[in-house]
Amino acid sequence: MAQILQAQNKMIQPAHTDPSRIRNFCIIAHIDHGKSTLADRMLQNSGIVEQRVMRDQYLDRMDIERERGITIKSQAVRIPWQVDGQPYALNMIDTPGHVDFSYEVSRSLAACEGAVLLVDSAQGIEAQTLANLYMAMGHDLTIIPVLNKIDLPSAQPDKYAAEIAGLLGVDESEIFRVSGKTGEGVAELMDAIVEQVPAPSGVEDAPARAMIFDSVYDTYRGVVTYVRMVDGRLSPREKVSMMSTGTNHEVLEIGVISPEPIPTEGLGAGEVGYIITGVKDVRQSKVGDTVTTAIRGATEALEGYEEAKPMVYSGIYPIDGSDFTNLREALEKLQLNDAALTFEPESSAALGFGFRCGFLGLLHLEIVRERLEREFNLDLIATAPNVIYEVIAEDGTVIEVTNPSEYPDGKVQETREPVVQATILTPSDYVGPVMELCQERRGQMGGMDYLSQDRVELHYKLPLAEIVFDFFDSLKSRTRGYASLDYEAAGQQASDLVRVDILLNGEQVDAFSAIVHRDAAYAYGVQLTKKLKELIPRQQFEVPVQAAIGSRVIARETIKALRKDMLAKCYGGDISRKRKLLEKQKEGKKRMKSIGRVDVPQEAFISALTSEAP
Numbered sequence: 001m002a003q004i005l006q007a008q009n010k011m012i013q014p015a016h017t018d019p020s021r022i023r024n025f026c027i028i029a030h031i032d033h034g035k036s037t038l039a040d041r042m043l044q045n046s047g048i049v050e051q052r053v054m055r056d057q058y059l060d061r062m063d064i065e066r067e068r069g070i071t072i073k074s075q076a077v078r079i080p081w082q083v084d085g086q087p088y089a090l091n092m093i094d095t096p097g098h099v100d101f102s103y104e105v106s107r108s109l110a111a112c113e114g115a116v117l118l119v120d121s122a123q124g125i126e127a128q129t130l131a132n133l134y135m136a137m138g139h140d141l142t143i144i145p146v147l148n149k150i151d152l153p154s155a156q157p158d159k160y161a162a163e164i165a166g167l168l169g170v171d172e173s174e175i176f177r178v179s180g181k182t183g184e185g186v187a188e189l190m191d192a193i194v195e196q197v198p199a200p201s202g203v204e205d206a207p208a209r210a211m212i213f214d215s216v217y218d219t220y221r222g223v224v225t226y227v228r229m230v231d232g233r234l235s236p237r238e239k240v241s242m243m244s245t246g247t248n249h250e251v252l253e254i255g256v257i258s259p260e261p262i263p264t265e266g267l268g269a270g271e272v273g274y275i276i277t278g279v280k281d282v283r284q285s286k287v288g289d290t291v292t293t294a295i296r297g298a299t300e301a302l303e304g305y306e307e308a309k310p311m312v313y314s315g316i317y318p319i320d321g322s323d324f325t326n327l328r329e330a331l332e333k334l335q336l337n338d339a340a341l342t343f344e345p346e347s348s349a350a351l352g353f354g355f356r357c358g359f360l361g362l363l364h365l366e367i368v369r370e371r372l373e374r375e376f377n378l379d380l381i382a383t384a385p386n387v388i389y390e391v392i393a394e395d396g397t398v399i400e401v402t403n404p405s406e407y408p409d410g411k412v413q414e415t416r417e418p419v420v421q422a423t424i425l426t427p428s429d430y431v432g433p434v435m436e437l438c439q440e441r442r443g444q445m446g447g448m449d450y451l452s453q454d455r456v457e458l459h460y461k462l463p464l465a466e467i468v469f470d471f472f473d474s475l476k477s478r479t480r481g482y483a484s485l486d487y488e489a490a491g492q493q494a495s496d497l498v499r500v501d502i503l504l505n506g507e508q509v510d511a512f513s514a515i516v517h518r519d520a521a522y523a524y525g526v527q528l529t530k531k532l533k534e535l536i537p538r539q540q541f542e543v544p545v546q547a548a549i550g551s552r553v554i555a556r557e558t559i560k561a562l563r564k565d566m567l568a569k570c571y572g573g574d575i576s577r578k579r580k581l582l583e584k585q586k587e588g589k590k591r592m593k594s595i596g597r598v599d600v601p602q603e604a605f606i607s608a609l610t611s612e613a614p
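Taking UniProt numbering, the leading residue of the sequence shown gets 1, the next gets one more, and so forth.
Check each hint, because a few of them may be wrong.
[Unchecked claim] With a straight-line Cα cutoff of 25 Å, these simulated DMTMM-like cross-link-like pairs (lysine to aspartate or glutamate) come out:
| # | residue 1 | residue 2 |
| --- | --- | --- |
| 1 | K181 | D205 |
| 2 | K476 | E436 |
| 3 | K286 | E366 |
| 4 | K578 | E542 |
| 5 | K476 | D496 |
| 6 | K586 | E507 |
| 7 | K533 | D496 |
| 8 | K530 | E557 |
| 9 | K476 | D454 |
| 10 | K181 | D191 |
| 11 | K286 | E238 |
| 12 | K584 | E542 |
| 13 | K286 | E332 |
| 14 | K159 | E172 |
| 15 | K239 | E300 |
| 16 | K333 | E344 |
| 17 | K411 | E390 |
| 18 | K159 | E457 |
| 19 | K280 | E332 |
| 20 | K181 | D158 |
| 21 | K531 | E507 |
| 22 | K333 | E370 |
| 23 | K411 | D429 |
| 24 | K531 | E557 |
[As the list claims (entries may be wrong)] What follows is a list of derived Cβ distance ranges for each label pair:
| # | residue 1 | residue 2 | range |
| --- | --- | --- | --- |
| 25 | D470 | E204 | 52 to 58 Å |
| 26 | A165 | D429 | 22 to 28 Å |
| 27 | F324 | Q540 | 31 to 37 Å |
| 28 | D84 | E457 | 38 to 44 Å |
| 29 | S477 | D191 | 42 to 48 Å |
Calculated from the structure, these hints are not laboratory results.
By construction, the Cβ of each residue, glycine as well, lies at the ideal position given by its N, Cα and C atoms.
Start from the sequences and build out the full structure, keeping to the hints where you can.
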């Protein structure tokens with residue numbers, strides 16, 4: 001039956017669908033609550049994917065997604081569905097759940113009229129569930145609450161249905177109970193989507209306007225642009241214009257993704273699909289741009305997306321300097337697919353030429369680095385992540401510091417650091433350990449709400465620099481994995497921050513400098529000097545490794561000199577002869593130390609500077 005349905009879908013591709021028969025919705029949830037599995041069952045129920053090619057996480061196309069079991073990229077797919085004999089087109093977007101990819105979710109919500117809010121019936125509401133829910137409410141979407149994984153032995157659907165009902169102000173009977181694994185309740189949910197989600201409200205005979213919500217680079221076909229048609233219609237071989245860049249292109253192919261790309265005779269108001277114009281320049285297809293017809297097109301662009309603000313910065317350098325141009329091209333192509341990534345060229349005395357890249361979080365950094373290495377065959381070094389500071393100098397000038405080496409010498413009036421508003425959901429048994437952790441990380445408590453008898457929502461204002469490293473891991477270990485975290489930027493605050501410099505044989509090494517809170521400076525200095533003592537090979541002379549704040553040394557380790565046994569040939573005789581030889585050696589070492597340079601091997605730099613650094 002599935003094969004017959006799919007064959008029919010491939011044969012009948014109308015010019016465009018009546019907007020009243022279109023439903024645009026996305027699935028939002030916390031990470032690992034079963035979004036991709038539910039999407040799999042919807043695809044199977046509609047019959048557009050043959051049973052023999054069906055696989056778990058069907059819409060997750062990247063190897064990294066399949067290996068890690070997480071969704072990184074939103075995926076749009078068109079699903080045919082019938083209710084009471086009437087055909088409908090459901091445009092579904094499966095979104096990521098991790099806080100680092102919330103920008104993907106916000107773009108997906110802007111292309112929809114409804115959202116399926118998915119909650120794991122064994123874990124209940126978590127931090128990202130709330131964050132995504134508030135985001136969907138901000139876009140005035142119709143929310144359909146769904147409890148997933150009701151087939152699990154540990155499921156408590158009644159308990160968590162009461163939580164969701166209290167949160168949304170709906171009756172418990174209105175909450176759907178499904179199992180993405182077995183398919184139970186999925187058909188009823190799809191019927192409810194047709195019934196509850198409003199049809200798109202575009203004007204069919206107005207000038208064409210389409211919003212670019214995603215794009216990808218294809219080696220053979222150029223940039224493939226994913227669009228949501230708002231008004232009018234677009235057809236193949238039509239001249240289109242990108243409103244932000246003013247460039248004109250011819251539409252070579254237009255179609256829908258169902259779930260593989262299928263060319264059609266055009267896209268009408270309310271539809272979601274793709275456009276191929278053969279453009280090879282990745283800068284000419286910007287996410288958030290409006291596409292219109294080149295002749296008699298729209299004059300007013302659609303309201304685009306808010307630009308993603310990077311939370312964490314890290315330098316990415318090619319191990320082989322000749323790969324610099326390849327790295328630039330790779331970043332440009334990846335930025336097309338990941339609009340939250342930002343980069344600009346920078347150089348380091350230790351690592352050569354590279355790029356300073358902005359990310360939404362540590363997982364985002366890790367995924368981007370892995371994609372660059374896998375998809376573009378590059379060998380890379382990523383420096384330890386840091387955040388942007390604002391320093392007010394003595395004369396009142398404001399300096400933006402993205403790299404510790406940019407921190408001004410001498411006195412400063414004030415240093416400001418970025419802070420985030422964190423929401424932590426935890427079982428009530430772990431409130432104490434969570435509060436202790438937040439206080440250790442210089443957090444200020446903003447409030448505490450009980451969602452139910454045994455689940456607490458904590459609000460904290462935390463410095464971003466304190467949470468980009470191991471805060472999430474520490475939170476999970478202190479709560480046995482039960483707590484969840486979500487955060488958003490909350491401006492800046494003045495803090496007592498200092499730059500810790502590392503001196504080798506009295507010479508400052510810029511690459512090892514770091515900006516830390518004054519209270520943590522001593523611990524950081526001790527940790528890094530000990531690490532460098534192990535990493536830097538011994539020289540012919542004694543090398544002091546010092547950590548200093550300005551001119552004050554706060555920690556020191558000494559790399560002992562390689563010594564030649566000057567007394568090996570002395571046996572017996574007067575002690576004064578031995579002393580004379582040792583004094584001569586001592587003078588030579590002293591002279592060598594005054595003119596000697598410490599060569600730090602590349603491996604030592606990589607080991608001390610990468611994200612595994614202390």
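Quick one: which hint numbers does this structure break? Sort them smallest to largest.
-> 1, 5, 7 and 23
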